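Using the hints provided, position chain B relative to the given structure of chain A.
First to last, the sequence lines map onto chains A and B.
Per the working numbering, the first sequence starts with residue 2, numbered consecutively.
Per the working numbering, the second sequence starts with residue 100, numbered consecutively.
This list has only true hints and no planted wrong ones.
Under the rule of at most 27 Å between Cα atoms (straight-line distance), these lysine-lysine pairs were calculated in the DSS-like manner:
| hint | chain 1 | residue 1 | chain 2 | residue 2 |
| --- | --- | --- | --- | --- |
| 1 | A | K683 | B | K177 |
| 2 | B | K177 | A | K606 |
| 3 | A | K104 | A | K183 |
| 4 | A | K683 | A | K86 |
| 5 | A | K683 | B | K174 |
Since the hints were made in silico from the structure, they are not lab data.
What you are looking at is a predicted structure, and each value in this text was computed from that prediction instead of being measured.
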Amino acid sequence: MLFKISLKNIRRSLKDYAVYFFTLVIGVSIFYIFNAVGSQAAMLRVEESRNDMVRLLTEILSIVSIFVAGVLALLIIYASRFLMKRRNREFALYMLLGMGKGKISAILLMETVIIGIGSLITGLVAGVGLSQLMSAVVANLFEADMTAFKFTVSGSAIIKTIVCFAVMYLFVMFFNSISVTKMKLIDLIQSGKRSETIHAKNPVLSVILFIIASVALGWAYYMVAYDFEHLNETKVIISICLGAVSTLLIFFSVSGLLLRILMSFKKLYHRGLNAFTFRQISSKVNTMIFAMTVICLMLFVTICALSASFSFRNAMNGNLRKYCPADAQIELTVYDSDRTYNVYVDIEESFQEAGCDLTDVFGEYAHFAAYNDKDVTLGDFFGPYLEDLQKQFRFFRFSAPATFVKISDYNALMDLYHRDRLTLKDDEYLVICNYDSMKKMLDLPLSTGLGITVFGNSLKPACNECVDGFIDLSNTAVCSGIFIIPDKAVDETQKVQDYFIGNYKQGSKEEVRAAENRLHEFIENSWLQWVGDTYGRDDVKYGGYWYDFATKSELYENAIGLTAILTFIGLYIGIVFLIASGAILALKTLSESVDSLPRYEMLRKIGAEESSVTGSLFIQTGIFFLLPLLLALFHSIFGMKFAKQVLEIVGTENVSTSITVTSAILLLIYGGYFLITFFSSKNIIKNRM
Amino acid sequence: MELLRVQQVEKYYGNKSSLTKALNDISFSVEKGEFVAIMGASGSGKTTLLNCISTIDRVTAGHIYLENQDITELKGKKLNSFRREKLGFIFQDFNLLDTLTSYENIALSLTIQKWPVSDIEKAVRIVAQQLGIEEILDKYPYQLSGGQKQRVASARAIVANPKLILADEPTGALDSKSSGMLLERFNFLNKEYNATIMMVTHDSFAASYASRVIFIKDGKIFNEISRGNAKRKEFFDRIMDVVTLLGGEVNDAL
Chain A
2 MLFKISLKNI RRSLKDYAVY FFTLVIGVSI FYIFNAVGSQ AAMLRVEESR
52 NDMVRLLTEI LSIVSIFVAG VLALLIIYAS RFLMKRRNRE FALYMLLGMG
102 KGKISAILLM ETVIIGIGSL ITGLVAGVGL SQLMSAVVAN LFEADMTAFK
152 FTVSGSAIIK TIVCFAVMYL FVMFFNSISV TKMKLIDLIQ SGKRSETIHA
202 KNPVLSVILF IIASVALGWA YYMVAYDFEH LNETKVIISI CLGAVSTLLI
252 FFSVSGLLLR ILMSFKKLYH RGLNAFTFRQ ISSKVNTMIF AMTVICLMLF
302 VTICALSASF SFRNAMNGNL RKYCPADAQI ELTVYDSDRT YNVYVDIEES
352 FQEAGCDLTD VFGEYAHFAA YNDKDVTLGD FFGPYLEDLQ KQFRFFRFSA
402 PATFVKISDY NALMDLYHRD RLTLKDDEYL VICNYDSMKK MLDLPLSTGL
452 GITVFGNSLK PACNECVDGF IDLSNTAVCS GIFIIPDKAV DETQKVQDYF
502 IGNYKQGSKE EVRAAENRLH EFIENSWLQW VGDTYGRDDV KYGGYWYDFA
552 TKSELYENAI GLTAILTFIG LYIGIVFLIA SGAILALKTL SESVDSLPRY
602 EMLRKIGAEE SSVTGSLFIQ TGIFFLLPLL LALFHSIFGM KFAKQVLEIV
652 GTENVSTSIT VTSAILLLIY GGYFLITFFS SKNIIKNRM
Chain B
100 MELLRVQQVE KYYGNKSSLT KALNDISFSV EKGEFVAIMG ASGSGKTTLL
150 NCISTIDRVT AGHIYLENQD ITELKGKKLN SFRREKLGFI FQDFNLLDTL
200 TSYENIALSL TIQKWPVSDI EKAVRIVAQQ LGIEEILDKY PYQLSGGQKQ
250 RVASARAIVA NPKLILADEP TGALDSKSSG MLLERFNFLN KEYNATIMMV
300 THDSFAASYA SRVIFIKDGK IFNEISRGNA KRKEFFDRIM DVVTLLGGEV
350 NDAL
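If we strip away everything but chain A, and leave its shape as in the complex, we get:
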């Protein structure tokens, strides 16, 4: 009997439950999809070296899943309590008929079980289906081979999903029975009749609060987005708190404020149903200030996470093309006995001695040294600006020696890189740099034409700013300033560091890889041993020298792994936050529509056109969905500015692409919820006369 009641209840209140059920299904399937990414990737032919990254990704996603489960649990509890409140009259009837609270709890329990099982099954089926699509994304991100693709179902992900959601539903049941025991018959009976009191907010208070919130927000924006140099952890936390509180205050005051403003435009306010529409929106916003704030912040995080992860990915791909134009780089620095200075060791010769001819491996290459002048530090270069800069950048080592490279060596390297050569007169120097905040510092003395004295030669800048360029292979823009000077100005005895950068000899993919692996082995086993023996560094392990063997393939693997992980986390959190926001708004709007049904009927009775009633509903739903999104977008502009500075070394090119992708996802999920809400509301208030 109770089971029958439960089932019939669900069927009857399908209108209310549809969005709830829909959200649960999406939640379950998203949860499954992201937990199944690991096994999806295992099915694809991912390169051996990337398997570590896949493992790391799986681990990180399962950690994020805990957080996501928490968010979904809160959403489900909120939604179910909300739906329960709407059924007070029904419970009152049960109690009037003499049904005990235990039985009512049992009905609710059964409903939760039915909905839970239903949503789990539907969600898992949808998830298994959609995760095959996800395979394509995984394959794309890891550049894996799709030909080995098979339809896969991840048992562990299914179990994990079921366990997680079962726990969530248990929580829901627990909370439901608590609220059932707290119910009082008189409150239940009167719940529908209590006339709604509209607490018209004091307009002066609204204006004051709005101004306070705007100022606080402006200050928080300034701190994170513009005053980046003085930013520290405390300030970031303060800004986040300020941002959250101001968001709350803005939602608290905005509806009253906007209404006041609109009311002063009498022609607009008293046109058609506008007065009704504006008042409806205002009262709606007033009843869910807190929910609006949470939604706005979630949307903010979503927008930032999505666009940051996509711009990171785009930038990474672009960066690799740009900053890694050769196959491999070997770099060696050997410190002298007291580790204050370097001993120069020629890489090519030392390889020869150790038993390997580098020219056998590399088809074309550039081999050159960097120089230090014992008397010239970076600090010297800054001259009169040093004191100011030292105060600003306390952790920067201004006492580090400046690095010099001969123009002929540099141009030879540029030929290898297929980049533009530089020209330099005998009494000139240039600084190459591509790290933005470093460039700003270096540009200061360059712009005033400040000269330097290197190895006894006075040189003046050939250009009043840094030249965009780099030497080391990298996947990011990290060249923080290298001085290019004329060949004649160099003291050849002052070599400190040797570079060998080149492209492998042509061959098939496998041959090249084998060559690289051999080289790798040789460096680690033979060459380093030789260096240690020859230069009396028995403290090899303790940093008697420093070497770097950077290869394009390795940089590439790192970049791919990093982008994939970031993209997945961004997508995961973003989508979950989006459905949470959409679901809360939808539920709230739909119940509001049910409550407002008599109002719409009254409008029809006094002769309002059906089209203007629908129009009013559209505007209401639209503004309701748009308001938190607009504020979130506003937050994001500054949030992204902050993220841009944090991610500066990665570069933020192709921002437009990432914005496009982000908007597409946003539009699809959030817009989808909007449309569902609008059409269901329209159905609820449909003319029944």
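What follows is chain B alone, placed relative to chain A:
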């Protein structure tokens, strides 16, 4: 001059197996400037009749003419424009929008008709004065008493100068003092502004304010009496006589 003519109207509910004749061949007419009350017990069909006249419900058979226009033939947009231009509604439960102030509630029926803002202001002030609600124009419905709410609802019904004011149990939710005040206002509107009012009620006291009372029983017209020059008290006694004739059903409503 004849304003409204109801001609052999029938209204059936239900299906073949259980047919309810809510209205069974009803005909009458209302002159311009008349104040007509329709009386009957619960389930007699008086509200159905009102719903048919107000085009909220459709008749099964028969015709209803307002100013010689057959309103049973109206459809869609024409129906809406007819309703908002020709009719004014007053309901038992006031049906005010609780999110709007009194002023906005009254103005709404004008903004729907796309009146210019300056005219709206003027019209609302005039009607507020007629109904004695000038002081409460800026208040919300929840701040008003039942009588005040009903006067605001009445103001909304008459502000656009409708041809016919339809009132469905307007005093049903009011105490006797507020009822009296409201009905005095109706009388005043009827006498001073020549407003045509049709009021459905089961309250003989309310009906006694009208100039004519039509009694309905089981979907048919049972009787009809005019006030003529009689005093309200005398008319009330005459109504009571008919009510007694009608049978016990109405008595319980007194």
